[in-house]
Structure formats: structure tokens, C-alpha cells
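Peer 1: Could you put the whole structure together from the sequences, leaning on the hints where they help?
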Amino acid sequence: SLIFGAIEYQVATDEGREPQFFTSQSVQVVLNHASLIGVAALGMTLIIIAGGIDLSAGTAIALTATVIAWIYREGFDGMADWRDTSPMLATLSLSALAVGGGVLTGCLCGFINGGLISLLRLVPFIVTLGTMTAFQGIGRTISGETPVRAYGKVPDAIASLQKPYPDPEWMLVSPGVWIMLILAAIVALALRYTVFGRHVFAIGSNESTARLCGINVVRTRILVYTLAGLFVGVAGLYQFTVLGGEGDPVSGLGLELKVIAAVVIGGGSLNGGRGSILGTLSGACIITVIQHGCVLIGVPDHYQDILIGLIIIAAVTIDQLRIRLQAN
Numbered sequence: 011s012l013i014f015g016a017i018e019y020q021v022a023t024d025e026g027r028e029p030q031f032f033t034s035q036s037v038q039v040v041l042n043h044a045s046l047i048g049v050a051a052l053g054m055t056l057i058i059i060a061g062g063i064d065l066s067a068g069t070a071i072a073l074t075a076t077v078i079a080w081i082y083r084e085g086f087d088g089m090a091d092w093r094d095t096s097p098m099l100a101t102l103s104l105s106a107l108a109v110g111g112g113v114l115t116g117c118l119c120g121f122i123n124g125g126l127i128s129l130l131r132l133v134p135f136i137v138t139l140g141t142m143t144a145f146q147g148i149g150r151t152i153s154g155e156t157p158v159r160a161y162g163k164v165p166d167a168i169a170s171l172q173k174p175y176p177d178p179e180w181m182l183v184s185p186g187v188w189i190m191l192i193l194a195a196i197v198a199l200a201l202r203y204t205v206f207g208r209h210v211f212a213i214g215s216n217e218s219t220a221r222l223c224g225i226n227v228v229r230t231r232i233l234v235y236t237l238a239g240l241f242v243g244v245a246g247l248y249q250f251t252v253l254g255g256e257g258d259p260v261s262g263l264g265l266e267l268k269v270i271a272a273v274v275i276g277g278g279s280l281n282g283g284r285g286s287i288l289g290t291l292s293g294a295c296i297i298t299v300i301q302h303g304c305v306l307i308g309v310p311d312h313y314q315d316i317l318i319g320l321i322i323i324a325a326v327t328i329d330q331l332r333i334r335l336q337a338n
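Mapping of the sequence shown onto this note's numbering: position 248 corresponds to residue 258, and the numbering continues sequentially without gaps.
You may find that some hints are simply not true.
As the list claims (entries may be wrong) - For lysine to aspartate or glutamate, the following EDC-like pairs were computed, each having C-alpha atoms within a straight-line distance of at most 20 angstroms: (1) Lys173 / Glu256; (2) Lys163 / Asp177; (3) Lys163 / Glu217; (4) Lys163 / Glu256.
In short, the hints are calculated from the structure, not lab data.
Peer 2: Written out as C-alpha cells, the structure is:
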């Protein structure tokens, strides 16, 4: 509440009016900024419920944004003749190719993580720590060590994904927030009402018991990481629009901690078997509110990282205490 008030106070001061707390504008800004973390955290929720972790999410988001920008740049030159005869069709086709390529890149990143972890039975922490560096290296190779700028006109439907104040106003929040909410509803229903959802919880609660019950742990875990990669791809599209149509392979550094923090703050257990989509979205909003408050009072970025790290430690500690109390 205090940070929401601080956001509105700053805006009101700049505009020369009396501050009003909890205005629709401040809520729109927070929800819009939370949507990038929230979308990526949907996939992280699946991973954590299944007893895994993904430290490569941040660099994978940056990689997908870079791929989207690269396809735009290369495709713009390759479609020169087509742009002269059918400019709108060329733009839409290029956008579909870029967005599809970015989302598929995210899925591939998740599939690689899931395959290494499940087929080779490697520790998720170590695998994703390695792929975190690998994905960044791939992004830097594609970009040539510099940010990739998308040439040509990016359609308004994509460029406006992360605009805090939507046009038309009846949408209330940005298109990116609506997409996040729709995806969140789908994942929540899948976890609650499908066999896949029950398998995810079973694997996270006790993998050995899940195997004895006939659950294909390898297939389920690969699917979990691949789906998480899908959400990473969507988050990469958000990142692309946030950067103004640009892909930067180093822009996702540290983002994975915020994504993990959103899940943990929302009640997810790093021991697996516990988590909820509603809690994750709440955690994403809390992280965003903390960031906004720190910016408004002039707290440097590195102190924000310290604060988020302490919040993760506190949430994990509370979860461990809960487990011990239940055991006793």
C-alpha cells in the first residue's frame, strides 16, 4: 500500500496535483510491468511444482527477443520485392514468422533443459546453470555482440502489447496483461482438472511414488519444461516490445531470480508439490510493486537485487518451517 501510494505521489507531484492513492493509472502501470514476469512465472510454476528449477529463464527470454528482432531485420531485407507489391501482407507475414520463431525458440530452450534433466537424470540446478550461459552465448552470436534492431514497421498489435494505457480505453489494461490472464486461466484449469496437472503435482510431491503409480516421469518432466519454454517465448515477445522493437542478448540477466521469486512469494515450494497460479500472479505484482517503490525513492538497482534475494530466502525459510511443523 505504501509503495502504491509512493508511485501515485510521484506522478501527482510531477503533474502539479494532489496525490490520490490507488488510482486506475497506477494500477495499470503496475499490472503492465508485472505481466512480463507473470507470463514467464506461469511456466516456472509448473517447473517448481514438479520439483525442478530453471535458472536459464532470464537468458532464454533475452534469446527469444533477440531471435524475434533478428528475423525482423533479416526478413525485412529479404522481402524487399514483396513489400513493394503487398506491404501489409508482407508485414503481417514477417511478424507471424518473427513471433512464431521466437516462441519456438523458447520451446526449444525448454525442451533442451527437460531432455537433459529427464533423459540423463541430471540435477536441474546444474543443467539450467549451464544452459543459462549457453543461451546467452547463442544470443550474442546471433546478435554479433550488439543489440539487434528490428527494421520496418512492427504492427501495432505487437508494438502495443506493453503499453500501460490501452487504446481503446475500454480494454482497461494493456493487451499483454490480458494475454497473461488468459494463459494463467488455461494453466490453472490444466493443473486442477487434467491428468497432466495431477501428474505434475504427484512428481513434485514424491517422484518415486509417482513412478510406482505408473506415471511416465520422463515424458511429463520434458513436457513441463517445454511448456515453460513456451511461456518464456511469450515473455521474450514482451521483452522485445519493452525494448522498443529491439533484442538484446544480455537484457535478461537477473530476470530469472524475479521469476522464481514470484513463484516462491506466491506460495510455491522449492521442494516441489506445491504452488498455485493465483499465488504466482500475486507474487509477480508484489515484485513489481517493490521495484517501483525502490525506483521512486532512489534505491540503486543492486540494492533492489539484494532485497529480492532476501525475500526469496525469507519465503524459502518460511516454507521449510512449515514442512517441519507438519512433520512434527
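Peer 1: Taking the hints in turn, state whether each one holds.
Peer 2: Consistency of the hints with the structure:
no. : hint            : verdict
1   : Lys173 / Glu256 : holds (16 angstroms)
2   : Lys163 / Asp177 : holds (19 angstroms)
3   : Lys163 / Glu217 : violated (49 angstroms)
4   : Lys163 / Glu256 : holds (12 angstroms)
Comparing the model with each numbered hint stated earlier shows that hint 3 is the single one that does not hold.
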